[in-house]
Amino acid sequence: MKRRQKRVLQMAFLFMVALIFLPNVGLWSMYREKSLMKSHEPGEQVIHIYTWTDGLRRRDWHDNESIRKDSQRVGKGEHGKPYPLAEDECDDSVYKENGFNIYVSNNIALDRSLPDIRHPK
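Residues in the sequence shown are numbered from 1 upward in steps of one, following UniProt numbering.
Some hints could be false.
As the list claims (entries may be wrong) - List time: in silico DMTMM-like cross-link candidates among lysine to aspartate or glutamate, alpha-carbon distance up to 20 Å:
hint, residue 1, residue 2
1, K6, D60
2, K76, D111
3, K76, D63
Said to hold, decoys possible - Ranges of calculated distance between the beta carbons of each label pair, as one might list FRET restraints:
hint, residue 1, residue 2, range
4, N24, N64, 40 to 46 Å
5, F13, K121, 24 to 30 Å
6, D63, A86, 34 to 40 Å
7, R7, D60, 34 to 40 Å
8, E89, D60, 30 to 36 Å
9, F21, P120, 39 to 45 Å
10, I67, N106, 48 to 54 Å
11, L85, P120, 22 to 28 Å
12, Y95, S66, 40 to 46 Å
13, G99, G75, 23 to 29 Å
In case anyone wonders, no lab produced these hints; they're calculated from the structure. Note that the coordinates shown come from a computational prediction; the quantities given were computed from them, not determined experimentally. Glycine included, each C-beta is placed from N, C-alpha and C at the ideal position.
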């Protein structure tokens with residue numbers, strides 16, 4: 001009988017600790033990720049509007065100068081466009097030997113620009 005009573009008290013204590021601790025952990029993680037900030041337009045009547053914003057400053061990793069230069073490049077194979085082959089340049093023996101067209105590979109730039117196929121976000 002004492003064992004059962006001890007087990008019931010342990011479970012009640014564990015339930016109370018979980019009831020107190022777990023909601024606080026959830027709220028703490030929510031407040032840690034976001035911060036409450038006032039936002040209003042300068043020069044307008046100040047109306048206190050509170051919005052949730054991310055407290056971290058995001059770093060822009062895009063190299064905009066390089067993106068601009070790549071968009072202006074022209075040439076064979078640039079921007080992922082196919083290399084135009086004439087009938088006399090099509091030789092399947094080299095393709096069968098190496099697994100790629102060595103003629104085209106030698107004529108396109110190694111640092112050619114390719115389109116960005118990632119999602120815009």
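Quick rundown of the hints versus the structure:
{"no.": "1", "hint": "K6 / D60", "result": "violated (58 Å)"}
{"no.": "2", "hint": "K76 / D111", "result": "holds (12 Å)"}
{"no.": "3", "hint": "K76 / D63", "result": "violated (24 Å)"}
{"no.": "4", "hint": "N24 / N64: 40 to 46 Å", "result": "holds (44 Å)"}
{"no.": "5", "hint": "F13 / K121: 24 to 30 Å", "result": "violated (47 Å)"}
{"no.": "6", "hint": "D63 / A86: 34 to 40 Å", "result": "holds (37 Å)"}
{"no.": "7", "hint": "R7 / D60: 34 to 40 Å", "result": "violated (58 Å)"}
{"no.": "8", "hint": "E89 / D60: 30 to 36 Å", "result": "violated (43 Å)"}
{"no.": "9", "hint": "F21 / P120: 39 to 45 Å", "result": "holds (41 Å)"}
{"no.": "10", "hint": "I67 / N106: 48 to 54 Å", "result": "violated (27 Å)"}
{"no.": "11", "hint": "L85 / P120: 22 to 28 Å", "result": "violated (33 Å)"}
{"no.": "12", "hint": "Y95 / S66: 40 to 46 Å", "result": "violated (33 Å)"}
{"no.": "13", "hint": "G99 / G75: 23 to 29 Å", "result": "holds (24 Å)"}
The earlier numbered hints that this structure contradicts are 1, 3, 5, 7, 8, 10, 11, 12.
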